[in-house]
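Trainee: Turn these sequences into a full structure, and let the hints steer you where they fit.
From first to last, the protein sequence lines stand for chains G and Y.
Just so it is clear: in the first sequence, position 70 is 70 by the UniProt record's numbering, and no numbers are missing.
Just so it is clear: in the second sequence, position 122 is 122 by the UniProt record's numbering, and no numbers are missing.
I should point out that these hints are in silico values taken from the structure, not numbers from a laboratory.
Remember, it's a predicted structure, so these values are computed and weren't measured experimentally.
Treat the hints with care, as some may be off.
Since the list gives no way to pick out one identical chain from another, each pair is judged satisfied if it fits inside one copy or across any two copies.
In the DMTMM-like style, the derived pairs of lysine to aspartate or glutamate whose C-alpha atoms are separated by at most 25 Å in a straight line are [to be verified]:
1. Lys164 x Glu355
2. Lys278 x Asp187
3. Lys135 x Glu95
4. Lys28 x Asp233
5. Lys232 x Asp209
6. Lys352 x Glu297
2 protein chains.
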Amino acid sequence: MVNIGIIGVGLVGSELISQLSAHISQNKTSTFKVIALMNSTKQLLSNSSYLPLNLSSWKKDLNTKGTTSNLTSFINYLSESPTLSVVIDNTSSQEIANSYPLFIEKGLHIVTPNKKAFSSDLNLYKEIKEKSNEKKRFIYYESTVGAGLPVLSTLTDLLRTGDKVIKIEGIFSGTLSYIFNEFSKLDGEKKKFSEIVGIAKENGYTEPDPRDDLNGLDVARKVVILSRLVGKDLSLDTLPVENIVPEPLRTLNSATEFMASLPQYDDHFETLNTTANKNRQVLRYVGVIDPIGGKSEVKLVSLPYSHPFAALKGSDNIIAFTTERFPSPLIIQGAGAGAAVTAFGIFSDLFKISERIF
Amino acid sequence: MVNIGIIGVGLVGSELISQLSAHISQNKTSTFKVIALMNSTKQLLSNSSYLPLNLSSWKKDLNTKGTTSNLTSFINYLSESPTLSVVIDNTSSQEIANSYPLFIEKGLHIVTPNKKAFSSDLNLYKEIKEKSNEKKRFIYYESTVGAGLPVLSTLTDLLRTGDKVIKIEGIFSGTLSYIFNEFSKLDGEKKKFSEIVGIAKENGYTEPDPRDDLNGLDVARKVVILSRLVGKDLSLDTLPVENIVPEPLRTLNSATEFMASLPQYDDHFETLNTTANKNRQVLRYVGVIDPIGGKSEVKLVSLPYSHPFAALKGSDNIIAFTTERFPSPLIIQGAGAGAAVTAFGIFSDLFKISERIF
Numbered sequence: 001m002v003n004i005g006i007i008g009v010g011l012v013g014s015e016l017i018s019q020l021s022a023h024i025s026q027n028k029t030s031t032f033k034v035i036a037l038m039n040s041t042k043q044l045l046s047n048s049s050y051l052p053l054n055l056s057s058w059k060k061d062l063n064t065k066g067t068t069s070n071l072t073s074f075i076n077y078l079s080e081s082p083t084l085s086v087v088i089d090n091t092s093s094q095e096i097a098n099s100y101p102l103f104i105e106k107g108l109h110i111v112t113p114n115k116k117a118f119s120s121d122l123n124l125y126k127e128i129k130e131k132s133n134e135k136k137r138f139i140y141y142e143s144t145v146g147a148g149l150p151v152l153s154t155l156t157d158l159l160r161t162g163d164k165v166i167k168i169e170g171i172f173s174g175t176l177s178y179i180f181n182e183f184s185k186l187d188g189e190k191k192k193f194s195e196i197v198g199i200a201k202e203n204g205y206t207e208p209d210p211r212d213d214l215n216g217l218d219v220a221r222k223v224v225i226l227s228r229l230v231g232k233d234l235s236l237d238t239l240p241v242e243n244i245v246p247e248p249l250r251t252l253n254s255a256t257e258f259m260a261s262l263p264q265y266d267d268h269f270e271t272l273n274t275t276a277n278k279n280r281q282v283l284r285y286v287g288v289i290d291p292i293g294g295k296s297e298v299k300l301v302s303l304p305y306s307h308p309f310a311a312l313k314g315s316d317n318i319i320a321f322t323t324e325r326f327p328s329p330l331i332i333q334g335a336g337a338g339a340a341v342t343a344f345g346i347f348s349d350l351f352k353i354s355e356r357i358f
Numbered sequence: 001m002v003n004i005g006i007i008g009v010g011l012v013g014s015e016l017i018s019q020l021s022a023h024i025s026q027n028k029t030s031t032f033k034v035i036a037l038m039n040s041t042k043q044l045l046s047n048s049s050y051l052p053l054n055l056s057s058w059k060k061d062l063n064t065k066g067t068t069s070n071l072t073s074f075i076n077y078l079s080e081s082p083t084l085s086v087v088i089d090n091t092s093s094q095e096i097a098n099s100y101p102l103f104i105e106k107g108l109h110i111v112t113p114n115k116k117a118f119s120s121d122l123n124l125y126k127e128i129k130e131k132s133n134e135k136k137r138f139i140y141y142e143s144t145v146g147a148g149l150p151v152l153s154t155l156t157d158l159l160r161t162g163d164k165v166i167k168i169e170g171i172f173s174g175t176l177s178y179i180f181n182e183f184s185k186l187d188g189e190k191k192k193f194s195e196i197v198g199i200a201k202e203n204g205y206t207e208p209d210p211r212d213d214l215n216g217l218d219v220a221r222k223v224v225i226l227s228r229l230v231g232k233d234l235s236l237d238t239l240p241v242e243n244i245v246p247e248p249l250r251t252l253n254s255a256t257e258f259m260a261s262l263p264q265y266d267d268h269f270e271t272l273n274t275t276a277n278k279n280r281q282v283l284r285y286v287g288v289i290d291p292i293g294g295k296s297e298v299k300l301v302s303l304p305y306s307h308p309f310a311a312l313k314g315s316d317n318i319i320a321f322t323t324e325r326f327p328s329p330l331i332i333q334g335a336g337a338g339a340a341v342t343a344f345g346i347f348s349d350l351f352k353i354s355e356r357i358f
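Mentor: Take a look at the structure:
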């Protein structure tokens, strides 16, 4: 059996528990067993026999039987289990990411959609990679880039079989994908930039403050994750990132003020769009990983209508790997955000680890 | 160490040996060791200590030191090795596919781009799946569909995490992709159908007799492979397949006669194309897996210009998975034929097996 401890039971965590629960109830031979749950205030551990938690009443049980959350006791409980344990970190916490080396020391495997460990301090990243090799513990993080899309697994396969990555380009943000797919097109109804950002915000496609999407930091983290996997020691502070929040709006105190002022810049975005459209091009917000030229960056670009990124719809992500073996790029496209597909990526990683420890 | 025996050392096999050789020479800790090679006439086995073959002189060694090929002695040699062995079948032989149950009985793992075992007799397929579960031996065949594109691995992940496949559609033939991408487009230079088939044949994109591509059988096999993976007992004899070779040309004796007669049917294809183009559509040859409606098929269709398959270029494959979690489909696109990308898929599978047996 694979013992599972889950940190973070919000949208993604709840969906993962629901996918796990369906799997376990439909597969008599399932090897997965959830034995510990934790959110920011409470934790629920099974008993000393490590029996599975009842996944049909986990929410109520966490609330009524849960004790005050304590990362140390949570991790110790998992690591003292007689069979191998996997900890799943569904948070976006830097603090928890900082503890991954400790998790590995304690003999735990890790699965996570949390980008922090792989895109912040380079030393932390290296420590995690070295420790996991040394201790033969696995850390899988497919859902950090493109959610459940097979991005990191494909890149890993290309690299370890000796292919040479020439360039990786992608639309890595579902939010910015939606905004520019709606805003910048050659045919169909046209809306103002601020109007589209407003619709995206109302539908929950953006962060509570849309500037947290428009500043490009989320895309930058994904570019750093991919660069490091390709073997380049890139960090957030050296990566050129185009922040498309108009400069005067960056210091406004609230999302409400920002949204109220954004229409003043509709002409600015409209000019960019018209210029692109005149050349039968569209605007797209892309991340570029350039291991050979060293010019990795995150920027708003104009792409010809025939470019695969130009035809994107909705809030899909798209990632194109140009390599020695794939001069015409290997392209992966689909929903890159949302609880169902993020949990799918986590669950897939869990299967990969379970296959390796049996 | 993982012992490797390779059957079939033509284009794909040679490329695989070259990728393996580069990997082994660049990675002191590589766990791969090629100990046996076989083609249709000769085989080369290492000695009783199972030392690695010299991969820099394998061609010469197979020719000069090789003995008459004998599948039984080849398999016995691998199975008697003190560590786990993987046999790689790079042929398209039905006879070798029929022996997979025996390979598994003998304790061997299998990697193959050979479609025969997974698309011919359903009983053989089931026997292989059951035996591999029972004996805990792995059989990986990513390269049977879309060469190295992560098609089967992605489908496996979707299914085992409990996603529900609604439809899989794809352009599964590099040859037919090229022919229709060139023939059916809204803009640009237009050529006659027979002319494009001629160019494809001259460039080696088609089988020696292009009717072996145009009859759809190769696409049908891939549709059967995917259907079976989704859990549907589809077979070649029940799958509707549109053979686009004009009926009177099917019985011609030679490829030369076929090519000489094909121009008589240029008007036929031109009419299909013009009708499609009038509605701003293009012709594409697709395979459809329809696990819910049961209407899996292989056919020539007209698709709107905005469809992701319409923008395809060169000889790329494209596969779209529409599922419960991906209502806007998860799409994988790229080169789906050629020695380098096929060997890449095989080598990736080899890594996956090696991770599971250590």
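Trainee: Hint by hint, say whether it matches the structure.
Mentor: Each hint tested on the structure:
1. Lys164 x Glu355: This pair counts as between: shortest inter-copy Cα distance 22 Å, intra-copy 28 Å.
2. Lys278 x Asp187: Classified as both: same-chain Cα gap 12 Å, cross-chain 18 Å, threshold 25 Å.
3. Lys135 x Glu95: Within. Shortest intra-copy distance 22 Å satisfies the 25 Å Cα cut-off; inter-copy 44 Å does not.
4. Lys28 x Asp233: Classified as between: cross-chain Cα gap 23 Å, same-chain 45 Å, threshold 25 Å.
5. Lys232 x Asp209: The answer is neither: 32 Å in one copy and 47 Å across copies each exceed 25 Å.
6. Lys352 x Glu297: Neither: 31 Å inside a copy, 32 Å across copies.
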